[in-house]
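Please build the complex by placing chain R with the ligand on the supplied structure of chain Z, with the hints as guidance.
Here's the letter readout for the chains.
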Amino acid sequence: MQATIVEAVNDALHTEMAADDRVVVLGEDVAKSGGVFRATDELLEEFGGDRVVDTPLSEIAIVGGATGLAMYGYRPVAEIQFSGFLPPAFDQLVSNASRIRWRTRGALNAPMVVRMPYGAGVRALEHHSESLEGAYGHIPGLQIVVPSTPHDTKGLLLSAIRDPDPVLFMEPKRIYRSFREEVPEDDYEVPLGEAAVRREGEDVTVVAWGSMMPPTLEAVEEGDVDAEVIDLRTVSPMDAETVVESVKKTGRCVVVHEGPRSIGVGSDVVARINDEALMYLEAPVERVTGFDTPVPLLSMEDYYFPHPPRILDAMERALSV
Amino acid sequence: MSERESNDRSPSATGAGDGGARYLTQDDLEVPTHRIVAPDGSYNAGAVPDLDDEELRDLYRWMVTDRVFCRRMVNIQRRGELGTFGSTRGQEASIVGSASTLEPDDWLFVGRAWTPMFMRGVPMRDMILFWRGIEEGQKSFAEHNSQIAISIGSHLPLAAGVSWGMDLDDGDAVTTAYLGDGATSTGAAHEAINLAGALRLPALFFCQNNQYAISTNFESQTGASTIAQKALAYGIDAIRVDGQDVLAVYDAVSTAKERVRQGEPVFVESVTYRLDAHTTSDDPTRYRDDEEVERWEEDDPIERYRSFLEAEGLWDDIDHDAIVEEIEAEFDEALAAANEFEQRGVEELFAYVYDEMPPELARQLAEFEDLLERRPEMYDYVEQRPKG
Ligand SMILES: Cc1ncc(C[n+]2csc(CCOP(=O)(O)OP(=O)(O)O)c2C)c(N)n1
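Those sequence lines, one after another, are chains Z and R. For reference, each letter of the first sequence is one residue, going 1 to 321 in UniProt numbering. For reference, each letter of the second sequence is one residue, going 1 to 388 in UniProt numbering.
This is chain Z alone, in the form it adopts within the complex (with noise of 0.2 Å):
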């Protein structure tokens, strides 16, 4: 079938309720109404009230009770309705979700995944754009996922679902409805922790992920650059490996993500290439990325965000050297 990235979270969801009877999806509407998205749409009519909830407004609830769920033995899903809701539930994630194996030796475990569209771009109020991956990427313990395909969404999806540690799933909206790809009716895997090449190149590599994968592959085309394209994937843990490899064949890299440029994602992709490739680099590592400031407001948020001659602009620096 023909399917966007949020009707793509939906197939999955019903895949694996299907499958799996102790899936339980939880979270702010995500049942009568179907998700403010329509991510949950048609859930609570085919699999209940029992395994489709519609919490009261806690996101502390919704993560901690996930992880009791998930400790008892259920694959809770929740949804964080914007990713600027999640912060109430930090603790929850810090304290407890990422630590249930830890904490007690292996005994017990949390297969919990808690999902929740992120980023800037679709005209939201205050508290509905950050992309905050490298705050909760810093959490040991919690997987962080960024799809940037609906083929990938479901795929990954599922596989977080059945992944027996937390994930942290976030959906980047701004790219919700905007291009349909195949995907297939059936159950598959794409596994996590393992970046994608979208593109092979030659002359310098780009490591992006999620929101920042369009904009990544139209800076490409406009540059006529053989760039080489690494989707990451899942952010935490990273793949670093893909990166190393492709930055030892082209010598250059620039990456991209909307979060904040301090103290993030890309940072750490810059320190693994100085630990494994520093000697193959020819010129510094470029970073694109929001500002170290809040995403402002909806009047003036696509400054923000990194559009394509940013990404193209750097891109020419780097190969410039």
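These aren't lab readings, by the way, just hints derived from the structure by calculation. A portion of the hints provided could be inaccurate.
[Unchecked claim] Covered, in the sense of this in silico footprint (three residues per stretch, anywhere, with C-beta under 8 Å from a C-beta of chain R), are these stretches of chain Z:
#1 58-70
#2 123-134
#3 293-299
Given the structure is predicted, the values throughout are model-derived calculations rather than measurements. Even for Gly, the Cβ is constructed at its ideal location relative to N, Cα and C.
Just chain R with the ligand now, kept in the frame of chain Z:
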């Protein structure tokens, strides 16, 4: 010994002798709802608050303002001139009754309520700018001691803290936090209200129970039968009021404020209904039926108050159409002013992050300005936004 210390916290001997453990249930609490004007327009004349005719007419005027403003905002949103908007249609009595008690030095933290800011001098233009995602609008909010909280419940600890400061200052002003029924489920709300109860912080928590938090109805939000009763668990007294009755809300909130001014926290639950969608991006037909909406529509707070004004002989002095016209004109002017709001520069993104811009931010700004100069095609990607 203070009153609190005298509270005996050791268990008293309930059911002594008969061996039966007894449940304390919700039914043990009787939670009355304060009302002055009934839905049919009849009213308890003895309970009418002591307001002069002008003030009584003002209540009407402000309720109409709230309604007209929301209608116009929904309309311009549909024309693509706003990002999104949350209407307060149906909640006019709850909003105006409570906000009429505001003094200029009071602090206000709102969830769903915009007109209170107009009542304290915020220009409509700035509210339009806010919903267009232009930060500048919030400057005048702050100048009038007002804030809108988008992260639900996040403002309640702030309100507790500000009222704490007022308490330390022995001031006479009041901090009011508006919140919704949904907000009462957040951790922040529990922790803030508990703090106010424990430290006796003179805050007013004004909860508009409009029956929904997006699609989640009140029954799914909590197992409690009222929100007011929750306050008791925090050691705070509460008033539950009919939020469709502007006089009762005014009365309840003024009564509560007297208590707050004496240094005690108070919780008010105002029972009302959100007639429009949660926001312009919401589709309420997915989760509520027309009959329910019609039932509430029949109990229109503005109409209910009108019956009172008629009975009091005050209606003849009110020219409803003229009021609407005036507000429409005010809105037109505000919209024109918002449309004229100048295009800004990118430095605006970097201002106000810190008191002084750190070198790294200055560098990011300079790099970006340089890029915009060198690659004007950047502007092709900066889509045309709703005006501004
Ligand atoms: C912490 C947080 N979680 C989720 C949201 C998304 N959201 C916006 S409004 C809303 C419902 C609010 O309901 P209520 O508190 O009853 O206020 P109302 O809008 O009905 O006045 C939700 C869930 C949010 N803004 N903040």
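These are the hints, each one checked on the structure:
1. 58-70: holds (count 4)
2. 123-134: Since three or more residues must qualify, the claim that chain R covers the segment 123-134 of chain Z holds, with 6 doing so at under 8 Å.
3. 293-299: holds (count 6)
When held up to the earlier numbered hints, the structure conflicts with none and fits them all.
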